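Colleague: Start from the sequences and build out the full structure, keeping to the hints where you can.
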Amino acid sequence: MRYDVPAVEGDATEVLQQVIDAAVAGGAGAEIRLAPGATYHVYRTSATPKLRYISNTTSERENPDNTKYIALYMQGAEGLTLDGNGAKIVTHGELTSFAIEQCAGVTLKNFTLDAADPSVPELTITESGDRHVRVKVTEPSRYEITADSTFYWTGEGWRFTEGLAQVYFPDKKITWRYDNPIRRGTKAVEAAPGTVDFFYESGHPFKVGEIYQMRHTIRNQVCGFINESRDVTLENLNLQFVGNFGIVSQNSADITIEGCRMAPEDGSGRTCAGFADFLQFSGCRGHIEVDNCYFSGAHDDAINVHGTHLRIVEQPTDRSLRVRYMHDQSWGFNSFYPGDSIEIVDVHTLLGKFAGRVTESKQLDNYEWLVTLDRKIGKVDVEDGRAVENVSATPSLTVTDSYFTLVPTRGILVTTRRPVLIKGNTFDKIPMPAIYISDDARGWYESGPVRDVTVTGNKFIECGSPVIGVRPETDRNEGAVHTGVRIVGNEFVMREGVAVETSGCSDVTVKGNKISGNHDAEPYKIGK
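Read in order, the letters of the sequence shown correspond to residues 0 to 527 in numbering that gives the first Met the number 0.
Warning: the hint list may mix true and false statements.
[Said to hold, decoys possible] Capping the alpha-carbon separation at 25 Å, the derived lysine-lysine pairs in PhoX-like fashion look like this: (1) Lys527 <-> Lys510; (2) Lys458 <-> Lys49; (3) Lys524 <-> Lys458; (4) Lys352 <-> Lys375; (5) Lys108 <-> Lys87; (6) Lys510 <-> Lys422; (7) Lys510 <-> Lys171.
Calculated from the structure, these hints are not laboratory results. Bear in mind that the values here come from a model prediction, so they are computed numbers and not experimental data.
Modeller: This is how it looks when you write it as structure tokens:
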């Protein structure tokens, strides 16, 4: 059945949600079509509140309230298509633009998403003196200056000063983390609407022409949340602002991201499109495909595909383990389902052994779960340090024909034991490794080993060194963590350093690549 949504004046949040609810209730195969060329405004104050715990977002200390305010909420849908038909959705306030939970066969396509009040405001340095700069605030960023000359960024329901800064150098066409022009003790004076003078107590590094993107660091919302769903497709989406975190797929299977553009609107003057990562896949299964996409202006990695190591804190019985989330930005959500296979992993060597299949996963609190297995396990050395990885929640990945630029960290992070193909992409001036394969159980706790990775036909333009890095976080070497990495037929235009560096990895093939520019005499450092 088809549901047409007419253009809506003012707040369209409730109208859109009513149509979604009707389409889901109507059964499988429904299609929602927005009005061609229409603009729909959605507001946090009208959004659907849901308490949700999402991987890689915030700690309980920095964000005690995990309520997500969801503009477009889909739960239990089958075969649902939301066709934007060229329409635009504009968010107001910090919110989660869409959530897809316990769904199968959902497609979102053909719309633009932007924010009326992007929570990464921007400014440009127009004048610079010894202890003074003049800046031009980029629209639609908003601000206020208090009576004590303190500068605050403002939006609909949010406000902050200082925060984290990232600079874009237009002449170099590169972006990275940097000092913040709005530092503590700064005096702010408005010279004219949209033009502000900052006065400092000492010198500063800020130069004319530099563009600064600033944000607070609380990932209290996400752009999109795909949770416990399968066969989800995002197609031909123009995502001009992705806040306050990226699109997170969690405990889901078979996700396709095709023909999507994550970048500021051309001609808008903005240079940032992302509050942090663009695409995060945590504990997913099946196959993830990213094809023909454009990524520009993130505040963290463009794509991150990983599982989660949970630390074993107790072995109550010979068939059960009490496990705990250790990194404070990932907690509160279940990572194990009946039938899942798990390995017990040495946190120092990152080598794992099959332990059994899950029969029950019982939540004890927001951080700990009791996992029961289908067989007896030997005594676990809890004191020395052991973790568990859900090896069933490890997807295959294909990233093809996509473009990565203006990212301050990495282009692609991937740690999954199923086949990975990265082919035909361009990585333009990524300041850290364009592709990075890690695995750790003592820091971010992002799992696990790779077994079959092919990187071929890509072009790397003046990226950081190493351009491709394989580096598991171990402090004891008892054997290779990763294996089966092939880097074949790529082009490296080097800025410095090495093209490929590996450690803790066996069966590495590097051949048929073209290297130019400035690089070390030995551009490949292959360790074991």
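Colleague: Run every hint past the structure and note whether it holds.
Modeller: Status of the hints after comparison with the structure:
Taken as a hint, the Lys527 and Lys510 pair is honoured in the structure, with Cα atoms around 18 Å apart against an allowance of 25 Å. For the hint linking Lys458 to Lys49, the alpha-carbon distance of about 42 Å lies beyond 25 Å, and the restraint is violated. Restraint check for Lys524 and Lys458: satisfied, since their Cα atoms lie roughly 19 Å apart, inside the 25 Å limit. A C-alpha spacing of about 14 Å is found between Lys352 and Lys375, which places the hinted pair at or below 25 Å, so the restraint holds.
At roughly 11 Å between alpha-carbon atoms, Lys108 and Lys87 fall within 25 Å of each other, so this suggested pair holds. With a C-alpha separation of about 15 Å, the suggested pair Lys510 and Lys422 falls inside the 25 Å cut-off, and the hint holds. Proximity of Lys510 to Lys171 is assessed by CA-CA distance (about 31 Å); at most 25 Å being required, the pair is judged violated.
Checked against the numbered hints given earlier, the structure breaks hints 2, 7 and satisfies all the rest.
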